[in-house]
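Undergrad: Chain by chain, the residues:
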Amino acid sequence: MTGGSRLRSRLDSPRVLGIVLVAPAAILLLGLIAYPLLWGVWLSMTSATLGATGVFVGLQNYAVILADPVFRGAAMFSVLYTLLAEAGKLALGLALALILNQSFRGQRAARALMLLPWVAPTVLSALAWLWLLDPQFSAVSWLLVRMHLISRNLDFLGTPASARASLIVVNIWRGLPYFAIGYLAGLQSISKDLYEAAAIDGAAGWQAFRRITWPLLAPITTILVAFSSIFTLTDFQLIWTITRGGPTDATQVFTTLAYQRAIVAGQLGEGAAIAISPIVFMIVLAFFVVRSVREQ
Amino acid sequence: MLHPDRRRFLELSAAGLGAAGLAGALPGAAGAATASPFKPEKGATLQLLRWTGFVKNDDIIWAEHTKNFTAQTGVPVEIQELNWPDVTPKAALAAQVGSGPDIVMGWNDDPFIYPDKLLDMSDLAEYMGKQHGGYYDTARAYCYDPDVKRWVALPVGVTGNAVVYRQSWMREAGFESFPKDFPGFLKLAQGLKKIDHPCGFSLGHAVGDANSWTHLVLWGFGGKQTNPDNSIAINSSETANALEYARQLYEVMIPGVSGWLDPSNNQAFLAGQCSMTMNGISIWYVAKDQFPAMAPDIFHALPPYGPSKQHSIMNNFTSAYIFKYSKYPQAAKEYLRYMLDEAQAAPWVTGMRGYVTLALKGYAELPIWTSDPKITPYRDSMEVTRFDGYNGRPGRAPAQALDEFVIVDMFADVAVNKMTPKDAMRKAEARLMTIYKHT
Amino acid sequence: MIARNARIYGPLALYGIFLLLPFYWMIVTTFKSQPELLNSPNPFLIFHFTFSHITDLLTQTQYGRWFANTLFVSVGATVLSVFISYIAAYAIIRLRFPGWQAVSTAIFLAYIVPPAILFIPLATVIIQLHWFDRLWALIPIYATFLVPFCTWLMIGFLKTVPRELEEAARVDGASNISILWRIIFPIAVPGLISAAIFSFTLSWNEYLYALVYMSSSGNKTVSVGMTTELIRGDVFQWGQLMAGALIGVLPAVLVYFFFVEYYVAGLSGSVKE
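Protein chains in written order, with the numbering used here: chain A, 1 to 296; chain B, 1 to 439; chain C, 1 to 273.
Pulled out of the complex, with its shape left as it was, chain A reads as follows:
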């Protein structure tokens, strides 16, 4: 054996090759995720600002934000926003998947078109929604008034309650297709034989759904919800574009508040603390994700 091919056969051993192949991913994630994350934790314990490095202050930033009603409100709304939006996306996405799973004319076009909200860049759709929800110019209000369902334009974004509801609806609008497509994939992997056997036993429709479909969809449900929740909990684009966290900070979430404090107001340390704080929730979510993936 020549030196070159001895090297090549060393390289080809599962141990060595495995490490080599995994290295790019590892370096990327270590350098641009793990390291910044640790750095972020450190930053959150300093008084750093844009324009001046700070000093170590321990957990003071965390104490400050926990005492800050704006932060507490943002934390609460982040969780509420996530819970309601995920529930909506799951239910409506699954229902849509059930429809799309049947064969009908225009099925292919329907599947493609239904994906649009998720495929389109969020910021751009958010701008369209901003216009659609405008207190003076909303085409939706115009239509409802014309249909005599309401007498005056709706103030979608002007009160805390309506602004929150509007954002949740837009988030559901945006994420519904993701669930629909995921469920569609899941539904297609369920063997038709199961339904035939159940039909013989007299179970069809809702029964079949409850006994066969839903349980078999459990794994994909977990994956879809877990991944989607992470991104809903840390949503930025949609909220920042439509309400900027207003009115009166009612629609602030972790990320918009962190951005406002760190980038707009220059408080890096405090902003980092706000950004890091949802990690607790994330760890809980991660636990479920890892467990379900292990089960595969």
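Calculated directly from the structure, the hints in this document are not laboratory data. Glycine included, each C-beta is placed from N, C-alpha and C at the ideal position. Accuracy of the hints is not assured; some may be wrong.
[Unchecked claim] Residues from chain C that keep clear of chain A, each with C-beta distances beyond 12 angstroms, as calculated:
hint : residue
1    : Pro-43
2    : His-48
3    : Phe-49
4    : Leu-58
5    : Leu-95
[Claimed, not checked] Under 8 angstroms between C-beta atoms, here's a sample of chain C residues computed to sit facing chain B:
hint : residue
6    : Ile-127
7    : Asp-172
8    : Ser-215
9    : Ser-216
10   : Ser-217
11   : Thr-228
12   : Glu-229
13   : Ile-231
14   : Val-235
15   : Phe-236
[To be verified] With a straight-line cut-off of 25 angstroms between C-alpha atoms, the simulated DMTMM-like cross-links for lysine to aspartate or glutamate are:
hint : chain 1 : residue 1 : chain 2 : residue 2
16   : B       : Lys-180   : B       : Glu-383
17   : B       : Lys-117   : C       : Asp-56
18   : B       : Lys-288   : B       : Asp-380
19   : B       : Lys-90    : B       : Asp-116
20   : B       : Lys-288   : C       : Glu-164
21   : B       : Lys-130   : B       : Glu-383
22   : B       : Lys-90    : C       : Asp-133
23   : B       : Lys-437   : A       : Asp-68
24   : B       : Lys-427   : A       : Asp-68
25   : B       : Lys-324   : C       : Asp-133
26   : B       : Lys-437   : B       : Asp-289
27   : B       : Lys-39    : B       : Glu-238
28   : B       : Lys-56    : C       : Asp-56
29   : B       : Lys-67    : C       : Asp-56
30   : B       : Lys-327   : C       : Asp-133
31   : C       : Lys-159   : A       : Asp-193
32   : B       : Lys-309   : B       : Asp-196
33   : B       : Lys-422   : B       : Glu-238
34   : B       : Lys-56    : B       : Glu-238
35   : B       : Lys-130   : B       : Asp-380
36   : B       : Lys-180   : B       : Asp-380
37   : B       : Lys-437   : B       : Asp-116
38   : B       : Lys-374   : B       : Asp-59
39   : B       : Lys-418   : A       : Asp-68
40   : C       : Lys-159   : A       : Asp-12
Could you slot chains B and C onto chain A? The hints should help.
TA: Here is chains B and C on its own, set in the frame of chain A:
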């Protein structure tokens, strides 16, 4: 075939040059003839970060003048423009990183957030002040650091706000002339609502429009955010009166103002749905082009005053500062001197129809201000403006308070969320104490 | 039969209206004349058709440049991520090197640290690396949130590939590397396409990193350019904004329209038990 904007610019700058010719009559204009004390370094190049113009001619004229500067001095200048609220964070990042644009045209408290990173502008500021009639007090407050006894930035001016209203509807509501004080103003607003043409002032997170009128009302009643020693002074009977007044005003406004961002009042006004709002000259500017039927009915007035009998409004103040890391400080100073000299400043302001009111008192005599009585109210913007965080010191704390809409939210809490003035003040006070304590 | 159609097309129509209304709005606003934007007898209709918003967008802003930037970054990030994920997935599933389980878990954990949490400390890292305002830097940066999901996708997909193929190839003396490329790769194509579609969509959609780390107008992506330069002072250029939104949506839409079946197949391959 000349692009319509360029043609317009040339027409206006011809008018402007006429103004500059008259500049011979302006105080201190003799300096235009003598040589400038700032000599650009050899091989200098500059990078300017400024805000995207609010009206089209702003950018066009500024770019033209910059080209002339390059032609005359051989110093190329690259202009980078950002939407105006984005300039401050980008400048702060440059301060952090220690590299970036040489010159920044920023806003409000910027220079006091990192004064140690900025070049001493005293020589330029004093030179310009002597040439053009001196600076208004607020301009000095924003740019002169009394702690280190030097100018950290060069004042440029304010984007003035005035009340913009439809005269026909004002008359229909029973007013022959625009009310001068708060009680009259409220009566007008109530009258406008009665004839189904309500007014609208933003209570949302509109960086410009929400802050302008809420501070007007706050200061008009004698309320203030801080005392000169930066202690918090917001919790007072004066503030409570201001909040109560604003609540009554909100009741007769067009619905939805608590969700209004900066462009919303422009849109509502130009669509004929809002009869009165507070804004820069941009509404009328756009109307003249796109809504010519409405333009003759649009009028401007200085905002009313409260029991203090003094006009006191918050306009956004823009200043120019140079980073110490700049390799060509002399070139940078000469560029600013050039751009704010009459030959350039006059056509610039004229082309913008007065959108920016300059910080140098001499420029109050520009013909543009009296060329049309509708423009005149904006002339006094620098005179009546106060600095944010009044009556404390400019710096990081008032900047953060402004960024977080503490004052705006206090007013919105009372008007929209139906909080009592007492609770709203307490909430604002708590927030201010946190902000001022640890910055 | 009619009942079945009603059960399908009825709800489908409702979903259609809800999901597609904003896009209809984008189209209509793009082609409406300027005065109509603020004042119209019927906002759903176009009374005076105009191309001016599109032409203004393309000539008066750097939109073309932003579009090219976004395309460059999206394609680059997709290629990089799919490549890295594929080899990592193969290593984890087939090569069982020491510590493979820990690595696998770590990669998934990376997914739970989204950009919105990292963007502040990552900013200082980017600055130290001198990557600030360098467009190409977005490619490795985007890969950080693409690689975890793509790896998971590929792992699930590769699990369904029968081992016999590899064993036969090994008996013939093929090295692991040649198995990786010659045997497995062709079979993995549907999964790879799935991962590529996902990566492209997420890259095209990204906002926060591009907003914070890119600065000059020439380095902006479509989303960032539109929101920072088409909102001048206190005027929303709605016609141009919606024109830009419409054009900005097209690439992702085209990709999906042609590849949606692959995407579904790829996903169902990975979730099959």
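Undergrad: Now tell me, hint by hint, if it's right for this structure.
TA: Right, here's what the structure says about each hint:
no.	hint	in the structure
1	Pro-43	4 angstroms, violated
2	His-48	17 angstroms, holds
3	Phe-49	18 angstroms, holds
4	Leu-58	16 angstroms, holds
5	Leu-95	4 angstroms, violated
6	Ile-127	5 angstroms, holds
7	Asp-172	57 angstroms, violated
8	Ser-215	6 angstroms, holds
9	Ser-216	6 angstroms, holds
10	Ser-217	7 angstroms, holds
11	Thr-228	5 angstroms, holds
12	Glu-229	7 angstroms, holds
13	Ile-231	6 angstroms, holds
14	Val-235	6 angstroms, holds
15	Phe-236	4 angstroms, holds
16	B:Lys-180 <-> B:Glu-383	17 angstroms, holds
17	B:Lys-117 <-> C:Asp-56	40 angstroms, violated
18	B:Lys-288 <-> B:Asp-380	23 angstroms, holds
19	B:Lys-90 <-> B:Asp-116	17 angstroms, holds
20	B:Lys-288 <-> C:Glu-164	78 angstroms, violated
21	B:Lys-130 <-> B:Glu-383	18 angstroms, holds
22	B:Lys-90 <-> C:Asp-133	12 angstroms, holds
23	B:Lys-437 <-> A:Asp-68	13 angstroms, holds
24	B:Lys-427 <-> A:Asp-68	10 angstroms, holds
25	B:Lys-324 <-> C:Asp-133	21 angstroms, holds
26	B:Lys-437 <-> B:Asp-289	49 angstroms, violated
27	B:Lys-39 <-> B:Glu-238	52 angstroms, violated
28	B:Lys-56 <-> C:Asp-56	14 angstroms, holds
29	B:Lys-67 <-> C:Asp-56	24 angstroms, holds
30	B:Lys-327 <-> C:Asp-133	20 angstroms, holds
31	C:Lys-159 <-> A:Asp-193	24 angstroms, holds
32	B:Lys-309 <-> B:Asp-196	30 angstroms, violated
33	B:Lys-422 <-> B:Glu-238	12 angstroms, holds
34	B:Lys-56 <-> B:Glu-238	40 angstroms, violated
35	B:Lys-130 <-> B:Asp-380	20 angstroms, holds
36	B:Lys-180 <-> B:Asp-380	15 angstroms, holds
37	B:Lys-437 <-> B:Asp-116	21 angstroms, holds
38	B:Lys-374 <-> B:Asp-59	23 angstroms, holds
39	B:Lys-418 <-> A:Asp-68	21 angstroms, holds
40	C:Lys-159 <-> A:Asp-12	21 angstroms, holds
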